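So the protein lines, in turn, are chains A and B. My numbering puts the first residue of the first sequence at 1, with every later residue one more than the last. My numbering puts the first residue of the second sequence at 1, with every later residue one more than the last.
Any given hint might turn out to be false.
Just a few of them, taken from the derived set where beta-carbon distance is under 10 Å, the chain A residues facing chain B [stated by the list, open to error]:
#, residue
1, Y54
2, P217
3, L293
Facing chain B, a subset of chain A residues (Cβ under 7 Å, in silico) [said to hold, decoys possible]:
#, residue
4, S45
5, Y140
6, F224
7, T227
8, L261
9, L289
10, G352
11, L375
12, N380
These are calculated hints, taken from the structure and not from any lab test. Every value quoted in this text rests on a predicted model; they were computed, and no experiment measured them. For each residue, glycine too, the CB sits at the ideal point set by N, CA and C.
Chain residues, written in single-letter form:
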Amino acid sequence: MQKLESFSLVQKETSTNTLLNTLRCRLRPGELAVEAFLFLAAVISIFVTIGIVYVLGVETWSFFGRINWEDTNKQLAQPVGPADTRLVVTESGSPIPVGAIIRLDDEIMQVTAVKGNQLAVQRGQENTLPAPHKEKLDIYEGERVVLWEFFTETRWEPQIGNFGVLPLLNATLMTSAIAMLVALPLGLAAAIYLSEYAGPRTRSILKPVLEVLAGIPTVVYGYFALTFMTPLLRMIFGDDVVQIYNTASAGIVIGILVIPLVSSMSEDALSAVPRALREAAYGLGATRLETVLQVVLPAAASGVTAAFIVAISRAIGETMIVAIAAGAGPNFTFNPFEAAETMTGHIVRISGGDLSYDSIDYNSIFAIGLTLFALTLTLNIISRYVVAHFREEYE
Amino acid sequence: MNRVSTFPQESQLRRLLARRKRIGWLWQVVFLLATILVVLSLIVLLYNIVVGAFGYVIVQDKVSPQEIVQTYTDTPEAALHTLSADQYRFILEQNLSKGLLRRLNSEAPLTERSREELYRLVVERVVKPRVVQSYSLVDSIFERDKIFAEAAALPHSRVEFRRWLNLDFLTGKQASVPELAGVRTALLGSLWVIAITVVVALPLGVAAAIYLEEYAAVVANPWLRRLNAVIQTNINNLAGVPSIIYGILGLAIFVRGLEAFTSGAAFGATADGATANGRTIMSAGLTLALLILPIIIINAQEAIRAVPQSLRQASMGLGATRWQTIWHHVLPSALPGILTGTILSVSRALGETAPLVVVGASTFITIDPDGPFSKFTTLTIQIYQWTARPQDEFRNIAAAAIIVLLVLLLTLNAAAILLRNRYSRRLV
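With the hints as extra help, turn the sequences into a complete structure.
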């Protein structure tokens, strides 16, 4: 009936706008609700990113703001009242420099001057209240983690105040570099073979093999590294040269892991190059190899580069292989046959046990995680940029 | 004119051509070899696992079974496994310490346990067979004599061919001795975690994909358009974030921040020994859900994009609303593609280890998970734990567990391929 009436409106020659409005402006709350729900689902991904950045940021902030207390082995030689600004301490223990932050019980003080066994202090620092302290109370010296130290110190020993991420970063870069040495030539060669030489039959066998390789869980690759690659390396180079846990074995296996990624992305780039280009090269008398290396590969350069960068990012973020095969314990070394813990390996080892929430280890996970996140995100953004800006467009 | 004279003569030209062709052929061989090497690495990887999961072991008993039968029964000729429940109980009472007996009785009284259970206890606690040496399948075949000679030198020992992957392994619970350990708890844990992951990630992922494909394109508001572009870029970037970062996110948000919710305390789930603060199946499932969400979205987007535009136009031309078009036409056509993508991302989640370690998978539990708020371990965590142990026998059960995991993944992938094939046939 409604429809008939609206048609009759037209016959009565009322404004067509009214008709359009009756058709267009009907509110459909159900449709709106559905759209709102779908929109929210899409927005969740933004929240995930914000969550990652927020969580990593906040905990890293508290990592760097954190004061770690170390026992100086000095004690108070005389009791102190709440208003005293002079402390008399024992002879023993490590010296306390001017400017240091010290802690007695719950009170934090700053040392303003040192004269022999006497310290001049400002009481009640860091929002603590001055309180009387008894004789023989242990004195702790506080140390802050400094950003500069984080990136330059070559030792990572959080328990005794050494917070240099370099050994972990170095191991990560080493395994990734070794992985790239394996994955780039093999992956690119496989991609060239698949896209330029192999017939459809060979392709139909080889492509699934690569897919299977890509689908194997990383923990299985870890098993492979430890039970096959390491013994193989030890057989080749000798047991005294190659340690049981080493970065070379982990790196090579990471390389095998990212080969499918490199080859499938490169192959996509290669096969996206138009046929006309190849035919023109053949027409000029080029051999197949010359066509591939001098025409097709340059034309697909942006895609291949992007594949490499994504592969590097994947290798840096790879965890289980290094956790199993690269060894535990940070070690600043450039010898690929020595054990060295990577950033990801460290996170896994530290969080493997029951981790208490206000320990330095818990905070350090986030600082390392943020470094890792920044590295991989940068690489991913660069790869996207390379594809978008350096792509050779044909046709 | 000089040029004409330097142009190569025919014989020279032929030589040059032959050389170019030779180089071309050489490189083709290099490319082929590289490809073969890749295939070879897959074969070696699988071979290495199979070889680890089967082989000879030298088993040494602490006390020989015959000795036990002779000491504690009137029938010295009987085999240990033929005794009655009472006899087993007697042997146990004679050999175990009071404390251990009390503990066993408090778990389940010995008098109520079945004969098989008691027999297993006798073997486990009294005979105490221990694998002292294990060999890979290759060694078992080629160095058979050496293995038997070695076994003969050890008292109370024998050589057994052991399939580390057997029914007991699938149904057995975690144990501290490799030959008694099983993956039952881990397998159930994996299934629970995956179930939660799918329940959370699938609807959200598909909804997000529908929005981005069907609604985002027709938005007029420039701010909203920009937001949609940001969402799209963001999803692509999230897909490249290392999985361990998701683990850290899960640790901070689900395990610590939402502890009341993920430990089940908010729902009145009692906080007994089985519920471990926030380190539960719930936290693990939600973490993996966030991990595979971008992958599901991207796959679902592709599936939705592949639905012909004419379908939408026809539906809307008949007066259907946007949602009616999506619900009745776009989604049914895109469903096989979406499911294929989902299965592939589920197999990714099933193989994840690192985020689960960070979220706090238990290293050793023998109780089956009984709900989303119990402690958990998964297949991958077990494989990691066992591989990291220095003893060879643990490597063997790690290999067996890997086979279980790979079979599971293979089944999932086969299902995905079947779906894909059916789908492509219907399009034609």
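**Prompt:** Any of the earlier hints contradicted here, and which numbers?
**Reply:** Structure breaks hints 5, 8, 11.
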